[in-house]
Structure formats: structure tokens, C-alpha cells
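Number of protein chains: 2
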Amino acid sequence: MGLPKTPALTVDCVIHDPDGRVLLIRRKNEPFKGAFALPGGFVDIGETVEAGCRREVREETGLEVAELTLVGVYSDPGRDPRGHTVSAAFLARLPAAMPPRAGDDAEAAEWVADWRGEALAFDHAQILEDAERLASLAAED
Amino acid sequence: MGLPKTPALTVDCVIHDPDGRVLLIRRKNEPFKGAFALPGGFVDIGETVEAGCRREVREETGLEVAELTLVGVYSDPGRDPRGHTVSAAFLARLPAAMPPRAGDDAEAAEWVADWRGEALAFDHAQILEDAERLASLAAED
Chain A
1 MGLPKTPALT
11 VDCVIHDPDG
21 RVLLIRRKNE
31 PFKGAFALPG
41 GFVDIGETVE
51 AGCRREVREE
61 TGLEVAELTL
71 VGVYSDPGRD
81 PRGHTVSAAF
91 LARLPAAMPP
101 RAGDDAEAAE
111 WVADWRGEAL
121 AFDHAQILED
131 AERLASLAAE
141 D
Chain B
1 MGLPKTPALT
11 VDCVIHDPDG
21 RVLLIRRKNE
31 PFKGAFALPG
41 GFVDIGETVE
51 AGCRREVREE
61 TGLEVAELTL
71 VGVYSDPGRD
81 PRGHTVSAAF
91 LARLPAAMPP
101 RAGDDAEAAE
111 WVADWRGEAL
121 AFDHAQILED
131 AERLASLAAE
141 D
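Each protein sequence line maps, in turn, to chains A and B. Each residue of the first sequence is one higher than the last, beginning at 1 in UniProt numbering. Each residue of the second sequence is one higher than the last, beginning at 1 in UniProt numbering.
Bound-form chain A, shown alone:
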């Protein structure tokens, strides 16, 4: 086949409830073990980024998200201490704040009202800021 070696592809998902809280997980593994993070993970070969995003949310939080809006692509070579990963970040909204059930790489999963008061893994604080800007623009329409 011989596709060139490129950065590893990941997805992250920002999920708001109607009160503006965000769904975060506590990371079970290094890097950033124990820190809050967005649900997400590596994209499998053969799945779209949207399918990978829904799968990771399901595996880590037990919740199903449907419509996804692209927030951005995050590709700083230093964003992940394991090596160069590039994340496609999506925004989803749930009609109600359903209780999550932590699974897979998530030690815990919970609705967080003030993420700015928490230490977040990777560049997830930046993704959350960008997602909030996008959500407020959409609300103006």
C-alpha cells in the first residue's frame, strides 16, 4: 500500500446540556491521568471522523450523540506528549442532561458547570473555548 506516515488522527467531542454544562471525563490512563478531558480518542481505519467521535463518546460516557458540528482541527505537534496527534473536534448538544456512565478510558464521567476552574488535559481548554464561541454564534442565528 505504502501510504506515508502522518500524524495520528484523533477526535474530541464537546457536549453541552441545555444549562450550558459540559460533559467531561476523568482520564484513567497517562498522559494526564486523573485530569479532566473531553471524551474522545483515536480514529479507526475504516470509520469516518464523525463515526469515531460517536463511538468514543459512547464508549467513555454511555451517551449517544447524533448531529455533530465541526469546531476545528488541532494539530500543534506538541499537543500530546506521546507523539504528534491531530484532533478533529466536534460540538454536540443533548436535549437533556442525561446521566453519563463512565467506561473504557474514562475513570469517571460527569457534567461540569465551570470547566475554567479545572485543569484540563491536552489543549482541551482551547477546544472548549472555541466550541463555546461557535455555540453562541449558532444561537444568534
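Simulated from the structure, these hints should not be mistaken for lab results. All clues stand as given, with none of them false.
No copy is singled out in the list; a pair is fine if it fits within one copy or between any two copies.
The calculated lysine to any residue pairs, modelled on SDA-like cross-linking and capped at a C-alpha distance of 20 Å, are:
id : residue 1 : residue 2
1  : K33       : P4
2  : K5        : D104
3  : K28       : R79
4  : K33       : L3
5  : K5        : R55
6  : K33       : E59
7  : K5        : E50
Fit chain B to the given chain A structure using the hints.
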């Protein structure tokens, strides 16, 4: 290190001139050898997607693009016959229609007025449609 194997990451760039023409290359190599395509290619480990996009445009057309706007992430597993590639597509605009100079993987590079009349490689017709929608939304602001 052990990052999981994921789809290969590429970039593509839609470049409009002030008359609405788009900069396309003729592919020198398979797949889609001889077909028109957007300038683009594989992202190197250690570079951001934006840097990879500017580098590919420079290598294939000799032109320099500055500001980039994300159009979307294209990840259908069947979009590339070589294997699963995922492309971050960007929109750029040049202040004037400078003459391109084909290089690298490009057999030719030219400004095309009506891309809908051409057979395009990969899912580049879809990317061009999405980019035109984005550009017209931006023009309304």
C-alpha cells in the same frame, strides 16, 4: 511510542482569485493521474495542518497562501483508492490571480473558471462546493 494506527492525514486547499476562479493542478501520478485536483498532500509528522497546507500549495503551484479558513474534514473510507486518508480542507484567497508554476506532484497548475465542467480527483468536487458555500456566507457578513 506506540500510537495506534489511524487513517493517513492529508490537506487540500481551495484557492479563489478575485474573479472566482479556482486554482487546480493536473495530477502527475496515480491515483487519478491526469485529472484536475486541489493542491494538497500528506501532512508531515511535526507540522501543523495549516503549515502542511501552505507547503503543499507552494510545492505544487509556487504560490504563497497566508490566512486559511477550515472548510471541513473529509473522511469517507472510500475517498482514496490507496487506503483510508482523511483530509482537512482549507479555503484561501489571493489578492490577485498570480500565475502558478507547476511543481512536485503537479503536471500543470492553472486557474479554472468552471470546475463543474471538469472531472475532479477524489471528493474534490464536494470540497469545492462546500468551500464556495462558505465563501459566499463570509461575503454576506
